[in-house]
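Student: Required output: the full structure, derived from the provided sequences and hints.
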Amino acid sequence: ELPAPLLDDSYRKELGDEAAAVKSEDFQDSMKIAWRYQNLPKMETSPTTYTKFGHYYDVSKKMSPELCQSVKLHSFYLPEELPFEPKMKTWNMNSGYARLLQSIQRIISQEGFDGSDPQKKPRNVLRIGIQSLGSILWGDDVCCSDAPEDPQSLTKFLYVLRGLLRKSLSACIITVPAHLIQNKAIMERVTNLSDMVVGLESFIGSERETNPLYKDYHGLVHVHQIPRLNSLICDVSDTKDLAFRLKRKQFTIERLHLPPDLSDTVSRASKQDLAGSAKLLSSGCGAMAIGKKHLDF
Amino acid sequence: QGKFTLLRDTRTDGSFLVHHFLSFYLRAGCKVCFVALLQSFSHYSIVAQKLGVSLAAAKERGQLVFLEGLKSCLDLLFGEEEQPGQPSPLQFLSGSSCDLRALFDFVRVSLSAAAGDSWKGPMLLVDDLSVLLSLGAAPVAVLDFIHYCRACVCCQLKGNVVVLVHSNEDSEDEENELLVNSLCHHSDLILWAEGLATGFCKDVHGQIKIIKRLSLRQAEQDVVQIYQYKIQDRNVTFFARGLSAAVL
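Each protein sequence line maps, in turn, to chains A and B.
Residues in the first sequence are numbered consecutively from 37, following the working numbering.
Residues in the second sequence are numbered consecutively from 160, following the working numbering.
Note that these hints are calculated values from the structure, not bench results.
Keep in mind that the hints are not guaranteed to be accurate.
The list that follows gives simulated cross-link-like pairs (lysine to any residue, SDA-like), each with its CA atoms no further than 20 Å apart [claimed, not checked]: (1) A:K203 with B:G238; (2) B:K361 with B:T396; (3) B:K162 with B:H344; (4) A:K220 with B:F397; (5) B:K230 with A:S230; (6) B:K230 with A:D150; (7) A:K276 with A:L236; (8) B:K389 with A:N266; (9) B:K230 with A:K276; (10) A:K276 with B:C360; (11) B:K389 with B:A207; (12) B:K162 with B:I370; (13) A:K203 with B:F200; (14) B:K361 with A:L278; (15) B:K230 with A:T191; (16) B:K317 with B:R372; (17) B:K361 with A:G165; (18) A:K220 with B:Q384; (19) A:K203 with A:M232; (20) B:K209 with A:S267; (21) B:K230 with A:G148; (22) B:K317 with B:G280; (23) B:K218 with B:S277; (24) B:K162 with B:C343; (25) B:K389 with A:P263; (26) A:K220 with B:K389; (27) A:K276 with B:G238; (28) A:K285 with A:H254; (29) B:K162 with B:H306; (30) A:K203 with B:C360; (31) A:K203 with A:R264; (32) A:K220 with B:N327; (33) A:K276 with B:K361; (34) B:K389 with A:L268; (35) B:K389 with B:F200; (36) B:K230 with A:S139; (37) B:K162 with B:V383; (38) A:K203 with B:S204.
Tutor: As structure tokens, then:
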């Protein structure tokens, strides 16, 4: 049930045409009042289509079975796995997580991703995907209880996984149902043990669904942490406000725009609303105050 | 000599301070025991190279004892049965003991003067202590470990200890807050890196508060200095608040 990748360039050409059409309609109007902004680059909502980065998928079509079968795939489904090998030393961890770690370590060493066997040269990086970590499906009650039985299993798992990833040619992406975890301390620790942390916040069921600010989008994307590896600095982007949208064929992530406040009655109440929603916004021209005090112009 | 320095970060990543102290003490000719829990050896090595120090060379000449926590953990869980004479420093992970004695023994043995050592003063660096809580150590066990290290490294061996902890404002991690507050009370020097309250800025990455304890016994005022900083590829520039190069 994976979405079909867009392997040909026809779709990209479509995107390119659209963008070109839009661009040709803009005249180089010289600005009269906002002339200070004349020389700033135009704000682009989506990354420019001229640089090809990553892969594109069509969410309305499924990936062909031939493509799936041509790739070496390992899966781990906890209910079908053999019980924890008793000769392994005590791990002091939830057994579901322990079995998953054993399985990952076995694949890494058998397929040669840790470089241990000079004969087996992996041609690729091992990509690992783990779904709903911390949920009851893994035998962990961290998502359904305020005082979980073994809150450290999850963080221990992440630490050992980190060790396995650092020692091999592999990368891992994990989804965690953070909205179910009552104990916020655990989420803080999970964040500290991860290299990159991205949060998706859907508008469904929240008051933001009807907020006119967000009418074009389905949710927000929060980048909580980016990796700072092998360097003192990290690549922080200028944009902090991202929203996502699920279109018919595409899932896109765009910069969030605050529409101009053109209403006649700019009452105190609506200003508070906007200020509340704008708490996380920063403009492209520089940093605005986003702390507890809002600057009201 | 004999000082305990606490590195603390809030809303930002204070690891640049760890890299600084590592290269600083190695260049000064001290014997360093680095308990690196969160990142791999190559990460520190590459950054140290940018700061002008070679960790591999320091290890080879016996100046640096490097405990790579991630590797040690894998060895413990996936490796062969350990030899009785060489317990793993991270033994508490397998639940056989709930204190950090093995880790302290590792530190003590690494920094005890060996025959033929000509290094100036020993030094213990830990990155970062908050990870031990995530691995199942109780806050009391971590505090005990630090206490033993201070007694050994600062008092007995007349060396220095530098430790990094994370803290968050409005944090709900009570164990971590307990650890951080307790360590603050016992530190001679606190370097607190904070993200700006006004949010992200390209030219000023954060502010650093330097709190110097004049005396732990008498109730003298601590000396507090605040600077802002910007991290670059090979160094960090510090400047007075509001006087970033971008503004001047």
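Student: Next step is simple, just say for each hint if it's right about the structure.
Tutor: Evaluation of the provided hints:
no.	hint	in the structure
1	A:K203 with B:G238	14 Å, holds
2	B:K361 with B:T396	13 Å, holds
3	B:K162 with B:H344	13 Å, holds
4	A:K220 with B:F397	34 Å, violated
5	B:K230 with A:S230	17 Å, holds
6	B:K230 with A:D150	13 Å, holds
7	A:K276 with A:L236	14 Å, holds
8	B:K389 with A:N266	18 Å, holds
9	B:K230 with A:K276	35 Å, violated
10	A:K276 with B:C360	11 Å, holds
11	B:K389 with B:A207	18 Å, holds
12	B:K162 with B:I370	13 Å, holds
13	A:K203 with B:F200	11 Å, holds
14	B:K361 with A:L278	18 Å, holds
15	B:K230 with A:T191	16 Å, holds
16	B:K317 with B:R372	18 Å, holds
17	B:K361 with A:G165	33 Å, violated
18	A:K220 with B:Q384	32 Å, violated
19	A:K203 with A:M232	18 Å, holds
20	B:K209 with A:S267	8 Å, holds
21	B:K230 with A:G148	18 Å, holds
22	B:K317 with B:G280	7 Å, holds
23	B:K218 with B:S277	15 Å, holds
24	B:K162 with B:C343	13 Å, holds
25	B:K389 with A:P263	18 Å, holds
26	A:K220 with B:K389	30 Å, violated
27	A:K276 with B:G238	43 Å, violated
28	A:K285 with A:H254	15 Å, holds
29	B:K162 with B:H306	13 Å, holds
30	A:K203 with B:C360	34 Å, violated
31	A:K203 with A:R264	18 Å, holds
32	A:K220 with B:N327	12 Å, holds
33	A:K276 with B:K361	12 Å, holds
34	B:K389 with A:L268	11 Å, holds
35	B:K389 with B:F200	25 Å, violated
36	B:K230 with A:S139	18 Å, holds
37	B:K162 with B:V383	17 Å, holds
38	A:K203 with B:S204	15 Å, holds
Hints 4, 9, 17, 18, 26, 27, 30 and 35, counting from the list given before, are not met by this structure.
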